[in-house]
Amino acid sequence: MRSFKYYAATSWEDAVAMLSKNAAAQVIAGGSDLLGWIKDDLNGPGAPRADLLIDIRTIPNTSYVKFDAAGGLKLGALTPLVTVAESADVLKNYPGLAKSALSPASPAIRNVGSIAGNLMQRPRCWYLRGKDFACYKKGGDFCFAVTGENQYHAILEGELCYIVHPSDTAPALIALNASAKVVGPGGAKDVALDKFFIGPRTNVLKETVLEHNELLAEISVPAPAANWKSAFIKVTQRDVYDFAVVSVAVAGQIEGGVWKDGRVVLGGVAPTPYRATAAEDALKGQKIDEKSARNAGDLTLVKARPMSQNAYKVDIAKNLIARAVLSLASA
Amino acid sequence: MPTTSKVTTFDYDKLTSAEKQFVDLYGLAALQAGIANAESPAAPPARSADKPAAAFTIIGKEQRDLEGYKIVTGRARFTADIYFPDMLYVRVKRSPLPHARVKSIDTSKAEKLPGVKAVMTYKDIPEKMTAGGRPILASEPGLVGDPIAAVAAINETIAEDALNLIDVQYDQLPFVIDAREAEKPNAPLALSTLKNNLAGTPFKATRGDVSKGFADADLVVEHVVDTQDQQHVAMEPHMAVAKWDRDNLTIWITSQYTHSTAASVAASFGLPTSRVRVISEFTGGGFGDKAGIAFPYIWLVTLLSRKTGRPVRYELTRTDVFMEATHHYPVYQTIKLGFKKDGTLTAIQARSIAQAGAYSPFAGFLASDTLSAARVQYTCANISLEGVGVITNTGVAGARRAVGEPSGVFALELLMDEAAEKLSMDPVELRLKNLNETGDPESKQPWSSNGLRESIVKGAEAFKWKERWKGWNAVNSGTGPVKRGVGFMALASNKGSKGPPMTAVVEIPVDGSVRVVQGGAHIGGSQRTTWAMIVAEALSVKLEQVSVTPPDTAFTSDTGVVAGSRATKSIGLAVKTAAEDARQQLLVNAASKWSKDLKKDVKADELEINEGLISYKPDASVKPLTFAQAVASGFVIVDGQLEVNTETGVVRVLDVLQAHDVGRVINLLTIRSQVEGGSMQGIGFALTEDYIYDKATGIPVSANLDDYKMLMINNTPKITSLFIETNDAVGPFGAKGIGEPALMPPAAGIANAIYHAAGIRLKSLPMNPKKVMEALKKKA
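Protein sequence lines correspond, in order, to chains A and B.
For the first sequence, the positions run -4 to 326 when this note's numbering is used.
For the second sequence, the positions run 842 to 1621 when this note's numbering is used.
Keep in mind that the hints were calculated from the coordinates and are not lab data.
No residue lacks a Cβ here, since even glycine has one placed at the ideal position from N, Cα and C.
The reader is advised that the hints may include incorrect statements.
[Claimed, not checked] With a straight-line cut-off of 20 Å between C-alpha atoms, the simulated EDC-like cross-links for lysine to aspartate or glutamate are: (1) A:Lys69 x A:Asp185; (2) B:Lys1536 x A:Asp136; (3) A:Lys126 x B:Asp1393; (4) B:Lys1559 x A:Asp234; (5) A:Lys34 x B:Asp1547; (6) A:Lys201 x A:Asp234; (7) B:Lys1182 x B:Asp1267; (8) B:Lys944 x A:Asp293; (9) B:Lys1611 x A:Asp234; (10) A:Lys126 x A:Asp234; (11) B:Lys1299 x B:Asp1496; (12) B:Lys1619 x A:Asp293; (13) A:Lys34 x B:Glu1156; (14) B:Lys1618 x A:Asp127; (15) B:Lys958 x B:Asp1086; (16) A:Lys34 x B:Asp1548; (17) B:Lys1324 x A:Glu285; (18) A:Lys0 x B:Glu1001; (19) A:Lys34 x B:Glu997; (20) B:Lys950 x A:Asp36; (21) A:Lys126 x B:Asp1086; (22) B:Lys1604 x B:Asp1547; (23) B:Lys1536 x A:Glu250.
[What the hints assert, rightly or not] From chain A, some residues computed to sit far from chain B (all C-beta separations above 10 Å): (24) Gly31; (25) Asp127; (26) Asp310.
In isolation and in its complexed conformation, chain A is listed as follows (with noise of 0.2 Å):
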């Protein structure tokens, strides 16, 4: 690996001091993503090189769980994925949030991997990561997976890029109507998970709302309304230390076996996290079968393009929505 420099960074308000200062740096909470990027040695204007790491573990107060029926729950940015996903409190009421924080990597990299790293890691993609293809975001003017090997790559909302947004606690995050709190310059704000990650035709060098020197520091999800449950799957290979090929999260209110309201989010199938809002409308007041289910998949699905090698996704994203749907009716 190459040589960097290191800063401890001491509170919120220093790391966001010491980015606005310095355009080489770049934050590191886990590690387990960044350290791999800088292992490829990658460089371009949307993967910059960096010179300064400000490590954010060392921001006191930042490891929490915290939940009360009202409130809701508040999860800190450093806190670890084993903790969310062990947490009795997120094992009760947002099973699906626990099964999400439970699916990446192994057991090792779930221990120093944080929960707002999840987030915000960057994309898979075999183009972006190999250091020789001067994609989009390294500067180029060119998806080499539109020709290429594109059998892992996007099949709904690509544009010019067609990366996979990698996080299997996006999905599950978005679907509970959580919000991210971020620290800047100018304070603390609240953005709705559901806006904070953008698409390549937004802009193709980065893959959220973030400027360089904004931080995500806390994630908070609305206390569960009665009758909701939640559900993740993801489609894998090899079941660990494996990105989702498809994941789909879902969160509704059941009543009856009714779907009265709730949402649909797919991972690994677009570069941000896909809110399926076509199977959300068609499941609307609709009792649970086996027929809304797939109805449910398949109109979400309408809207795919595939490319050469990926159209299988499809497929799995459709069976998916269906089996994550129904799994809702009978938990």
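Take the given structure of chain A and dock chain B to it, following the hints.
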């Protein structure tokens, strides 16, 4: 019935030393030599002294690795544990282009970086010096990842920083990365030194008249089958430390064959082998990729150490390994079989294109090994087989656990399964009907032992095949999205041959302990423990009394490579022979001592050894002597069950049974480990591992362990191993090799079980969710 056979392979005398090594290792020359005197078949060899398994005191039992405690407590010294205070660390700048010419290299900035002690490019490599034909630093890179410049610095970070300061300009040259394209006459040349991309003479084998065989057939089945590019991914990455002391060179290296490295480096540097010492105390897995192969990195550390006068260490990153090390090569096969209604095979026709990559020293033989099963496994009067190796601008092809056989047997056994269905036969019966139980059909060499029929019958019985298979009507009969199925395959492997060099010395020092001096590597199969068990059994001593040296070329002789499933059979035979010689010398010494002490003529054959004590059989009152006192004077079958999730395409293997004819079990614990490890590597071959190139640029996209998917412990199914002991005529105590055969069965077994479960026949590896979902869609 008179049949004519012809096998065209290669001219052994014209081979390079690296090629000869490969040919020797896999017994390929024996095939050719065998053809010459094929007129009169040899008599079947006599079996080794038939001794029931219970008659042995040490072999056949479960024995933990005698040195396992060192490994699990971190005390075992691997190459990565070698450090010197003034040592330098190497990083290498690699070609981003699959084929190019270096126009210019500017290393001046890198050389000025504090801490950098040496920078090398192709201009610094002595003229004509190569690593077994590969450029040590390339001026015309032939694949992405070819080494271009090397830096030695006081630590790895500085060396890595220096790489970014080296400016290389290239002229891009045309390239080709698919063997099927490269084979065509108008294809771009993979290297400018080539006349065409064909590697060596194509392999051809004919027997009888194949067109007549198909004309006589009631059923003809045909497939186009392809298997993927893989890397071995031994847990320990390649690395070496080189240290010159005046004219003496020492290399610590992770290796399956130190003597080969010593010989090739010595020849290349013009040194006598006595001045080159190569040490590999422990090796963290090899699978054929560390079989003494000449890699550029070995020459780089040696040259950089000579240039700087300091010890130099290069530990390859995983991506470096993917790019520089050898690959299990992709094979593109067309295969066609003809059958009579009763299941009799009438014709086999196959063509195999092996993708050799750039520079493979083995290129000419890669294709022939993929056709071994088609030629040998079943009795068939009419065959026509052709194999070509093709040079491409991709990873260098080499030998990975069983070389080409896994790809060949996958294709053959897929087709046998399909034929069984079309003939309405039990797939087990179809194999039994056609088994070749006599020997090599071309060389007429009989099998040294053959337990294939017994393996199939006992394996099917243990798996409860009939009960679980339920006939062809059971295909795709499950309800719900997750379908279960079972599959079967059979395999006769050419691996595990006996071949030179086989040397060992058994020393009994004055304290009466037993030391086995040999040069074979300890690569994860507990090889040293196996050899100790053989020696202890042969000498009738306790296992604890025996120690085995690590490979160090300074004081061991060349006993060949630990690869080709030969460690137990060939090296085992060497240590057994040495032990038997030592035993005889001990008895002679004891007899002469007792002749003097007892004042009568005591003969050596009146003595026996039990647990390390020599006793005089005719008179039990004579106090036994301690050693100190005396000195002071190969085949397989597999069944498996799995689940196919028809909504996600994910295949989960649940239950694997492998039944192998192993001749004789030496260490029951480690032989099971071989089958279990082989099963997992075979399942990875079948389902997940895939080294993929971007076609437009020739750059590999899965040269890391995230995208190149090795299976994990949680993917391990129930694995049952069944050992058939046929007491081989050649191996020590009747043992034969197992390391490679254990990898081969899963792929075809899984493909056949997927068909049984979901009614889809997959003909391309790996059988990942993409291919399963695509096949299901096509079927629907």
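>> Need the status of pair Lys950 (chain B), Asp36 (chain A): alpha-carbon distance at most 20 Å?
In response: 19 Å, holds
>> Holds or violated: Lys34 (chain A) and Glu997 (chain B), Cα atoms, limit 20 Å.
In response: With Cα atoms ~12 Å apart, Lys34 (chain A) and Glu997 (chain B) stay inside 20 Å; holds.
> Given the hinted pair Lys1619 (chain B) and Asp293 (chain A), is their alpha-carbon gap at most 20 Å?
Replying inline: 18 Å, holds
> Is the Cα-Cα distance between Lys958 (chain B) and Asp1086 (chain B) 20 Å or less?
Replying inline: The hint holds at about 19 Å.
> Is Lys201 (chain A) within 20 Å of Asp234 (chain A), Cα to Cα?
Replying inline: 29 Å, violated
>> Lys69 (chain A) and Asp185 (chain A) were given as a pair; does the straight-line alpha-carbon distance stay at or below 20 Å?
In response: Holds, because 13 Å separates the two Cα atoms, which is no more than 20 Å.
>> Checking one constraint from the list: CA of Lys34 (chain A) to CA of Asp1547 (chain B), max 20 Å. Satisfied?
In response: Distance ~14 Å between Lys34 (chain A) and Asp1547 (chain B) Cα, so the pair holds.
> Does the alpha-carbon distance linking Lys34 (chain A) and Glu1156 (chain B) stay inside the 20 Å limit?
Replying inline: 15 Å, holds
>> Checking a non-interface call: every C-beta of chain B should be farther than 10 Å from the C-beta of Asp127 (chain A). Is that right?
In response: Incorrect as stated: the minimum Cβ-Cβ distance to chain B is 4 Å, not above 10 Å.
>> Can you confirm whether the C-alpha distance between Lys0 (chain A) and Glu1001 (chain B) stays at or below 20 Å?
In response: 15 Å, holds
>> Over 10 Å from every CB of chain B: does Gly31 (chain A) meet that, or does the non-interface label fail?
In response: 8 Å, violated
>> What's the verdict on Lys126 (chain A) and Asp234 (chain A), does the C-alpha distance respect the 20 Å limit or exceed it?
In response: 28 Å, violated
The earlier numbered hints that this structure contradicts are 3, 6, 8, 10, 14, 21, 22, 23, 24, 25, 26.
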